[in-house]
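Assembling the complex is the task here: the two chains are given apart, and the hints tell you how they should meet.
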Amino acid sequence: MTTRSIQGEKNLRKIDQASEDGIGRSPLRPDGALKVKGEFAYSSDLWHEDMLWGTALRSPHPRANIRSIDISAALAVPGVHAVLTHEDIPGSPYYGLEFADQPALAVGKVRHQGEPVALVAADHPETARRAAKRIAVEYEVLTPITTEEQCLDPGRYGYVHEPHEYRARAHGNLCHEQRLVAGLGVTDEVRALADVIVAGEYEVGMQDQAFLGPESGLAVPAEDGGVDLYIATQWLHVDRQQMAPVLALPEEKIRLTLAGVGGAFGGREDLSMQIHACLLALHTRRPVKIVYSRDESFFGHVHRHPARMRYEHGATRDGKLVFADCRIVLDGGAYASTSAAVAGNAASLGHGPYVVPNVRMQAISLYSNNPPCGAMRGFGAVQAAFGYESQMDRLAAALGMDPVELRQVNALAQGDVMPTGQQVDSPAPVAELLQRVKDRPLPPPLDPSDRRALPGALSNTSHGEGIVRGVGYSVGIKNVGFSEGFDDYSTARVRLEVIGGAPVAMVHTAAAEVGQGGVTVHAQIARTELGVERVAIHPANTEIGSAGSTSASRQTYMTGGAVKLAAEAVREALLERGRRRHGWTHGDLALAGGRVVSASAGVLAPLAELLGDEPIERTRVHRHRPTVALHPETGQGFGHVQYSFCANRAVVDVDVELGLVKVVELTAVQDVGRALNPLAVVGQIQGACTQALGLAVMEEIVVTDGKVRNASFTDYLIPTVLDTPPIPVELLELPDPHAPYGLRGVGEAPTVSATPSIVAAIRQATGKALNRIPVRPEHLTL
Amino acid sequence: MRVVFTANGRRVEADDVWEGESLLYVLRERVGLPGSKNACEQGECGSCTVYLDGVPVCACLVAAGQVQGREVRTVEGLTGPDGALGPVQQAFLEAGAVQCGFCTPGLLVQTDALLARDPRPSDGDIREALSGNLCRCTGYEKIMDAVRLASARISGISGEGGGA
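Chains as they are written, first to last, in this note's numbering: chain A, 1 to 782; chain B, 1001 to 1164.
Looking at chain B on its own, in the form it has when it is part of the complex (with noise of 0.2 Å):
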């Protein structure tokens, strides 16, 4: 089948797609975006988070046909038309929250959506937001660093400390 939708505000096509394709498939061996990644497979890592119609979801557990003329927005959408990274991508790299950086696309996503709906999370809103997010190199503490730095950035608070 031909799946016809919107990725990071760039119309995109893909053919031949096979009922049992997911979105995360098409995305990254069908349209050319492979920053969403696939350590699961089964929605239980995170790592493949992306935007569908503004909500944050596993786009390996979203069927490729599910996404026809919808609107979706990955990793490669976080960074500005110029190049420059976004807040929480900036947040991520100075704060040493990025490792072997596998589940960071993922995280970021999930991050850019906590902050969208509330730019001031305690920790315990961090937590429990990111907790579908598996990591297994950083232990989350520069993870919990780097929110709390783009939180603050993003909310024009000064003071920003978090980092090293």
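With the rest of the complex left out, here is chain A (with noise of 0.2 Å):
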């Protein structure tokens, strides 16, 4: 057996690529040839000398209280070498993003199907599936709470935590609410002021993250009785600091370095197989590795609240918005994860990029017995924008007006005043994106010749008879950053040093590569501060301060950001032993081409005679400005950092006898401040959309009684490339002056707007209402 490096450092490559592969540019990956060659080390491809294989059992029902736990028949498989209950948790057996509601292992009931009951620990990862299967679990099944009626009733139908237990800030089965009332709010008197009252009942599905890499990760018990945990996660301190108080270790023992994440898109918030890991290592003493089956991850992480939605909308003959008024309801499932903070963005973002004066929201998210839910790539702000962007179609209809013109007549702007009171403080150009979304060139008419680019593809099922055509327009917002008052903040820590007679830089962050490509981003701003070629990406890990998540499209704005006041601080103190040593008085002192340089005076002197054998460090922490807490009842409040922004333009082609759809072409134009690197910048949009089109019209997570029923890639379908249209981008750069070098953060924005665009443009094609996503074949033909 080989063996393989379970350091991170396999990982890093120093970047050697020329000066000019600063901000702006578009330079290779620093870890893409590992990844082209197969070599880099992703956290299921983590091997240990003696290693356990873990697993865990998983409940099969919603909802029991459990009597009784056998795990003899399982200990006695030869192989096992732990099997363990919640009893053998060490510290509080319960964790939480936000509230820490959530037992590692179940604590006498389980509320969700796949709720983890037991682990096992194996030399092989067949003999430890085998063991737990031995597991005996005697449950007293209690039938689940699943629906809103249910969920709103505790009194007939039951609670999912009941009273005593419960931990979070509302009651019964509410876990949070979140009001907003601006302008009059909605009243008999602002109803009147309206010509025209659209109103619709919006439904949106369960989506999945369906990131590829499974969830995974290594244990390795240390010495000092702590542990070593080598994860892909989006953010290793909180991941710390939900396992301590658990495996009741002080966070210093439990040292976190990333292990080769194969994406995320929110699913990694929460934590999946951390504690479990870390519980088997600590028992047996032994390295224990855990990979999820693609079936578990489906019961391992959150997923995207499924929502249901009321809106009423009141306009002007011309179009002029008069007021919003709004229910939406999520399902959170059975614990909170970061329910309370996706409703904050359901309610603050729930009308839209639109100037409405009068507006009434409320957003609440229900305990209940369904899968977990918590983060997804939009975050609350996906599932509103299918009810607003349905309503403005709705609306221009019933005005006889065009959708796009509408909108732009309603379009927020830079200086306009949300909902919230906040007023937008950057670019804010809704208006021209949907002006050069629409003024794009639409695709060529449909070709039967290719039944390939026809709606059933492969499945042979036209050859262009029944095919109708439609054109869909949407646009969306959604803040950047943590929200409503949260401290957020990144470190890194920025290192100048002589290697080999050139200078080189040294960025070190606990940020969470994920595959949007932070680490190709942090390198540019590295060389561009630095005036270096050479950067080195040190492996993430928790020696060094949080990097805070690697979600809310925050992390180029935040890292990036704390790079960026390392590497200055480092050049600032190479300029100062530069006019100690040498006495410049220069003015205009600058790091260029490996050198210090002066506009005046020209080259004076090379970096690495400066540095010489005494590098120069420096670790730097950055803060976006300070945002407060929505006030609970009138949603009011400077809740958000960032807003961005983005418009689509959906081409589709429907079956309309048998409800197919291909999507023929996809537009996007986002406003992103400033492009750090062109290449992964569209990469986002283009990835964003594709997960879009996925929610519009093909996936998922079908749930029946609290049951998943589709827990596979056989029946949970993401998009192929053949499902998926050309993604034409059209980029803005409006700088946001209160961000690094005006960056606005690009990765969500598209999640939010491309659905709506779809759905539309199938409403054109078919002129079914359509209030529910994903849009299904019999939703089009019965």
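These aren't lab readings, by the way, just hints derived from the structure by calculation. Warning: the hint list may mix true and false statements.
Unchecked claim - Computed from the model, here is a short list of chain A residues facing chain B with C-beta under 7 Å:
(1) 223
(2) 446
(3) 720
(4) 782
Said to hold, decoys possible - So the derived label-pair ranges between C-beta atoms look like this:
(5) B/1065 to A/447: 58 to 64 Å
(6) A/79 to B/1054: 35 to 41 Å
(7) B/1042 to A/592: 50 to 56 Å
(8) B/1055 to A/613: 52 to 58 Å
(9) B/1082 to A/603: 50 to 56 Å
(10) A/598 to B/1082: 40 to 46 Å
(11) A/79 to B/1042: 24 to 30 Å
(12) B/1042 to A/75: 51 to 57 Å
(13) A/592 to B/1082: 31 to 37 Å
(14) B/1065 to A/241: 42 to 48 Å
(15) B/1066 to A/92: 44 to 50 Å
We treat Cβ as the ideally placed atom computed from N, Cα and C, and that holds for glycine.
Below, the structure written as structure tokens:
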């Protein structure tokens, strides 16, 4: 057997590019060569001498009391080294991102199907799985609480969390509620001001992040009684913060190193196997690896909240919005996860990128016995966008207006005030984005000669007959960074030293590279700020302060900002050394091409000479400007750091006889503030558009009575390259004066905006109302 | 059981293989070739695509015992003996076709097979050939660019534009 390094150093490569690979360019990914060689060490690739394989036994029932657990038969299986239940947890059994309401292993009851009940460590993964099946759990099965009506009537249907064990801030089966009132709210007097009123009820199914790299990691017990965990996650430090009380270890004895991450999209914000692997490793004193199967992955992470929404909009005859009235009900499932923040986003962004003088919003997240839901790319803004954009089309139809024009008439712009009372104080080119996407050339008409381009594609369901084309538009708004008063920061350490005669910058952060290319951008920033060619990216770990989460479109802004600050500090220290040593008095010193230069005096010194054998290292923390919590009743407050906008046009061909949809083209125009790496920015937008396409016409975790019906890639369909159309992208770069380099977080806005454009296009082709996503064939034909 | 086969031109042996083990498990866990990825274990995602006697297959669907005496080529085998990237690898890297990279090994093998049988595929041909390989990050646009770029280079056509 080949021994592989468990160290993240394997994924570390020096970038040896010209300094022109600074910001604004698109240099190669520093991890790219390893990835195309198959040598990049993902969390599921790790190996350690003497390691065991862990697995979890999960509940088949969405709601049940546990009468007894008998592990004796499992323990007797040859090759099994440990079988653990909650009784083996040394600390508190509960953890959670916002509320510690989730047991690491079930304590007396299970609240959702797939809840972990017991753990097994064995010398072969199949042995572990087989042993887990021999654990005898006696359940008292209860009727699950799954619908809004059941959740909101606990007196009749019961509690997901009994009142005495309840940990969230709301009450009953209500996990969180955010209300918002702007202007006069929505009263009879306000309604009377509208010439036209349209109302609709909308529903969004449960979407899965479906990252390809399964949850996995390797826990190695340490001699100091602590544990080293090599893990695919979105936020090392918050993992550790949740793990420590359960493992009953001080945080410094839990050391996390980022292993290769195979995508995330929000699904790795919550813990999955982290605590389980550490419990088994600390118990057996052996390294323990856990890798989820795809089936287990569907049960092992939170999903996008399914939503039911009611919207009512009023407008004057010329299309000016008078009011928006909205109620959004999000099913958070059994545990809180990030439900409160998701509901906060739904309420504060739920009116869309529009100026609406009078608003009344209510967003609630429920506890239920359905699968737990939490973060997924777009985070509460996705669900709402399907509601408000469907309403815009409905309103345009009622007014006899062009749907793009209606949106432009009401488009948010810099200086406008959000319903939260927050003034938008950086560019918000909503009307321009819409105009640009509308002005893009349309794709050529249907060519039925290549059936692969038709709805049904290789299934050979049509040769062009019964196919109708439709075009739809949409625009969306997403917040960037952690909102509502969260102390959001990132830490970076930059070290400049001479290696092999040349200056090399080492960048160390705890930021989780999940595929987005943060490592590329951090290196670009170091090059730009320090004028060096060579940059090395240190493995992300908990030896340095937190970088915050790789989510909320925030890492280029936050950790990029921290790298910038640290590099600037290094530069200043270096120049100060030069001034001290050489008496430089120039006011125009800069670092470029590996030298200290002055615009007036030319080259002053090579960096290598100034550095000598005295490296300069600086650590800096970057905070974005503070926000405040939204008032729970009025929703007022400076709640968001930055807004991100994207407009889309979808062109679809629909086989109206069979209800099959082919998205022909999905165009995106987005303001990115400044594209630090244009190739990566476009890649983010195209990837986000494709996930939005999935939500529009393909992706849903089907849950019946609390049970998941399609936990596999055979039954949960994500877009293939045949399902995905060309995605032309146009970037606008209007700098945000509050952000590093003027950049704007880019990764999420298209997941918010693109879905409604596709549904609008299908509506145009079919004339169907389509109030639910994903749109299915039966919605188009029955 | 013992399984002996050729992996990337090298004779490999795996001992104590359990009858239920897949080729993918043996590659990843027993012979030190973890480049092929396990993302679904049921042949839906294509992340584990390898050549088996020159034909692309999902290694997760091949029982280990079936490869006895046969020839396997994985993503690791696309790299030149000197460590230089092959043309498909290079094109994926340059075109921005790699984000998280978990789908990349399977896509590289599938693309390599496509261009071996058709160096100048149309967009429709590319989409059809790669339709068994899921990617969750890129939206496939940069992957299309990468295949076009590799195609242009392999067939010696100038005007390589793919990339930004």
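Verification of the hints:
Violation of the interface hint for residue 223 of chain A is found here, the shortest Cβ-Cβ separation to chain B being roughly 27 Å, above the 7 Å cut-off. Checking residue 446 of chain A against chain B by beta carbon gives a least distance of about 14 Å; that is not within 7 Å, so the hint is violated. With its C-beta approaching chain B no nearer than about 5 Å, residue 720 of chain A sits inside the 7 Å limit, and its interface hint holds. Evaluation of the residue 782 of chain A hint against chain B yields a violated restraint, the C-beta minimum of about 28 Å exceeding 7 Å.
Remark: the range hint 58 to 64 Å for residue 1065 of chain B to residue 447 of chain A is contradicted by a beta-carbon distance near 47 Å. Our hint of 35 to 41 Å for residue 79 of chain A and residue 1054 of chain B holds, since their Cβ atoms are close to 37 Å apart. In this structure the hint that residue 1042 of chain B and residue 592 of chain A lie 50 to 56 Å apart at CB holds, the actual value being about 54 Å. The hinted range of 52 to 58 Å is satisfied by residue 1055 of chain B and residue 613 of chain A, whose Cβ atoms lie roughly 57 Å apart.
The supplied range of 50 to 56 Å is broken by residue 1082 of chain B and residue 603 of chain A, whose beta-carbon atoms lie about 38 Å from each other. Evaluation of the 40 to 46 Å hint for residue 598 of chain A and residue 1082 of chain B yields a pass: the beta carbon distance comes to about 44 Å. For the pair residue 79 of chain A and residue 1042 of chain B, the supplied restraint of 24 to 30 Å holds, since their beta-carbon distance comes to about 25 Å. A beta carbon spacing of about 30 Å between residue 1042 of chain B and residue 75 of chain A contradicts the range 51 to 57 Å that was offered as a hint.
The supplied range of 31 to 37 Å is met by residue 592 of chain A and residue 1082 of chain B, whose beta-carbon atoms lie about 34 Å from each other. For the hinted restraint 42 to 48 Å between residue 1065 of chain B and residue 241 of chain A, the CB-CB distance of approximately 47 Å keeps it satisfied. Range check, residue 1066 of chain B to residue 92 of chain A: about 49 Å between beta-carbon atoms, so the 44 to 50 Å window is met.
Comparing the model with each earlier hint shows violations of hints 1, 2, 4, 5, 9 and 12; every other hint is respected.
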